[in-house]
Amino acid sequence: MAKVIVVTSGKGGVGKTTSTAALGAALAQRNEKTVVVDFDVGLRNLDLVMGAERRVVYDIVNVIQGDAKLPQALIRDKRLDTLFLLPASQTRDKDSLTPEGVEKVMTELKKHFDWIICDSPAGIERGATLAMRHADIAVIVTNPEVSSVRDSDRIIGLLDAKTERAERGERVEKHLLLTRYDQARAERGDMLKVDDVLEILSIPLVGIVPESTDVLKASNLGAPVTLADNRSAPALAYLDAARRIAGETVPMTIPGERRGLLGKLFGRRAA
Amino acid sequence: MTKVLTDTRSIRIKGRSFLALVLSPEPPLDAWLTRLDDLASRSAGFFLGRPVVLDVADLEIDRAELKKLIDELGKRNVRIMGIEGGRPSLFEPGMPPAMKGGRPAPDIEIPDGPSIEPVGTASPKATAPDVSAEPQAARGMSSIVIREPVRSGQSVIFPEGDVTVVGSVASGAEIIAGGSVHVYGTLRGRALAGSVGNASARIFCRRLEAELLAIDGVYKTAEDMAPNLRGQAVQLWLEGDSIMAERLN
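Protein chains in written order, with the numbering used here: chain A, 2 to 272; chain B, 618 to 866.
Pulled out of the complex, with its shape left as it was, chain B reads as follows (with noise of 0.2 Å):
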């Protein structure tokens, strides 16, 4: 018996990205369980409900000692979402998975006293070292210039906003920016703007003849895409869920 697609909608997917907690136990094992007991004793609930990464990057261990550091965590209802910076030889099915490609993020404050705020409604309190404005506000409207073409086989990600490209984007070429993507020039590859969710993303190009469009997880291939457009200076935004477009002269 063969499957039938009967609702022909396609499938949503979307990226999100998570502030994650990462551990980075220290040797010796034990005495860092004893330093972590500590801190839970001082903040109770502190890893519930978050997303825990740990890092052994820096830790001399093999395999049937990660599987035990797993299991004590555990027991301390630290619940590992994945691990980063392990060799591939350290993993087992069942383990979680292998992580990378993470970008550093400020130091999260550790409550000194013990926890007054009720589990589950408690907020990550990211606060950078040197507290200054600047960050949070440049954080809501970040953007990067690429001031050459992006060549087939290269991606360009930047989920915290904008990427503006002055040139081409070559067939084979991918942009995946977190908010809008500007190009100046002709667009021949994929762009996805608002991949982390943000459905007031934008498409603007010089001139249209991308492989691939998505904004915020809705997608139109070349077929798709109407023939009028083709070759033309462009502009495409997300009216529910789908994607409307326009020429801009």
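Bound conformation, chain A alone (with noise of 0.2 Å):
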């Protein structure tokens, strides 16, 4: 059965399109046939990450409108065969993402895959909106700073009103995946600690990946996080992040402590 995954955050740059690919990289790991769709139509940005941008054809604009049949419009990642990437288009807007064409899409991906991870883009508007409206999964993009940590909010306010699944009556299972921590920083009092977060937010703790060069790295190289140096901190936060998506129950870690707090941080699940 095919689930849903939307990566959202309300703010910008604080790690969606990131954490995307290596979430993705990391569940087609696992051998689970796996597509990250870019909704930021008119900013896309995930081909790039994916290291794909150049072989981009056709989009999910495309498809919506019928220019193109969905499988001409997917790209198969070249180092991982169970990942695929359905790019946004960068000449449209928003606009051109109809609910019914989105739901069309989906419809149509869940057929062929048992992970289908959207990349929101930044916002509350249509773009976002319609990325988490067929989600089951949501995994909000959080930095440990007010600002993100406000708008994350707002964001899990819309996901408990505007999703399928709310107007059905269920819920979206949530989780938070705390981005750029940096525990020096934290323990100094520049930053949020991992425990005001979650208190603020309180829903359940699925990743703190660490501030790191890495990341930056991965970017440039067109490269997953997850792929590119599967032993780099960042990595190995994001495949434990994705074990536990796939309901595994991985121990908690904050990346720089040096203490081990393994069990203390075992089971730090918010209400």
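In short, the hints are calculated from the structure, not lab data. Worth double-checking, as some hints may not be accurate.
[To be verified] Per label pair, the in silico range of CB-to-CB distance:
(1) Ala3/A <-> Pro710/B: 53 to 59 Å
(2) Pro644/B <-> Gly13/A: 47 to 53 Å
(3) Glu840/B <-> Arg169/A: 41 to 47 Å
All of these numbers come straight from a predicted model, not from anything done at the bench. Backbone N, C-alpha and C define an ideal beta-carbon position, used for all residues, glycine too.
Quick one: dock chain against chain with the hints and give me the complex.
What follows is the structure in structure tokens.
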């Protein structure tokens, strides 16, 4: 049964696209057929991070408007043959996405894939609401700072109101992915601590990705973090997060924390 | 010349709800007006001194016709305070304002015989179709309980009574209650208690981090709050024109 994941945040620049690519590659490495879908029409980036920018012919808008068939628009990853990309259009705007068109694309993707990961644009407008519309699971990407946390809170409210699941009276499974976390700065008080963020958002934590130069390096190489160097700290964090999303129980660690806090942090699940 | 603010007292803004009569004209309008005349002849002054809202949601009407209808009602001494359910294109300056967000109330009884009530003191007799004592009793102590966090951008508006939140109220969220506000969690957003003119309403929270607090139109921003109350379990109430606060533990 296909699962639809939306990677969303409200605020821009917190790491949605990086996380989409990294989680997509991590799930595909489990030998589960995965597609990452770029909903950021007009400002597409996922193709760059996936290293597929020179292979884009058709995009999601072409499929919605009937100019191309879905298999023509899907790009298979060169490194992992279980990983696919459905790119966004760079020349259109978000109005080219229609609710009916998106529904048609999602229904067809569900027939062929185990995981459909939707990379939401920033904001709370059309692009973002359509990206979350069909989600079963939401990964809320948040940086440890107040504006990102408040925007995430807003998005969580929308997930409980504007998704298909919410309209059916069901709930979207929500996971907090804390990115760009720096333990030393959090201890100095420059950054919110993990517990502060969890207390405000009160949703379960799925992973803590440390601030790292490996992330930018991977982006510029055109490789998802989890494929560029699967031993790097952010890659390990994303691989663990993907296992948790897939339903495994993996102890939570705060990157950069010296003491063994596995026991203490395990089961850190807010309401 | 710049205006100098000599009186620094804040302007007090309150909400108040009135029971308005809603008229929903039905086509053909001439026949409907005739029926209205008939009603008016049986109970003179029925509409006098009462807020009347015109509901045009189910009416195919254009701007000129609407204008004519309002004039016709004016001739019958029916003054319209607002129009509900109209498309924006129906309106023009000088017309009663568009209204939305109305909640249904029980039907209002129309007196059958000639009105014997003196005009002006007539009180609308609101009787529920199936009369039972319970709704009347419940009205005074109605309340809602919200069992999950109130997220940023959400607002809970409940003029009928108390609002209890089992969870936190996020920064950028608001609770507007006719009665008291109870938050079993951290209050980070706004809480407005006694919003329809209830000076005895209170605000309770397990942890105070609020952006704004108001009781019966008197408000306090985060900046005006005593710093030693931050992060504490607090209750707030109104004494005269000032908000009082004390720690709960």
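Verification of the supplied hints:
1. Ala3/A <-> Pro710/B: 53 to 59 Å: holds (55 Å)
2. Pro644/B <-> Gly13/A: 47 to 53 Å: With a Cβ separation near 51 Å, Pro644/B and Gly13/A satisfy 47 to 53 Å, so the hint holds.
3. Glu840/B <-> Arg169/A: 41 to 47 Å: holds (43 Å)
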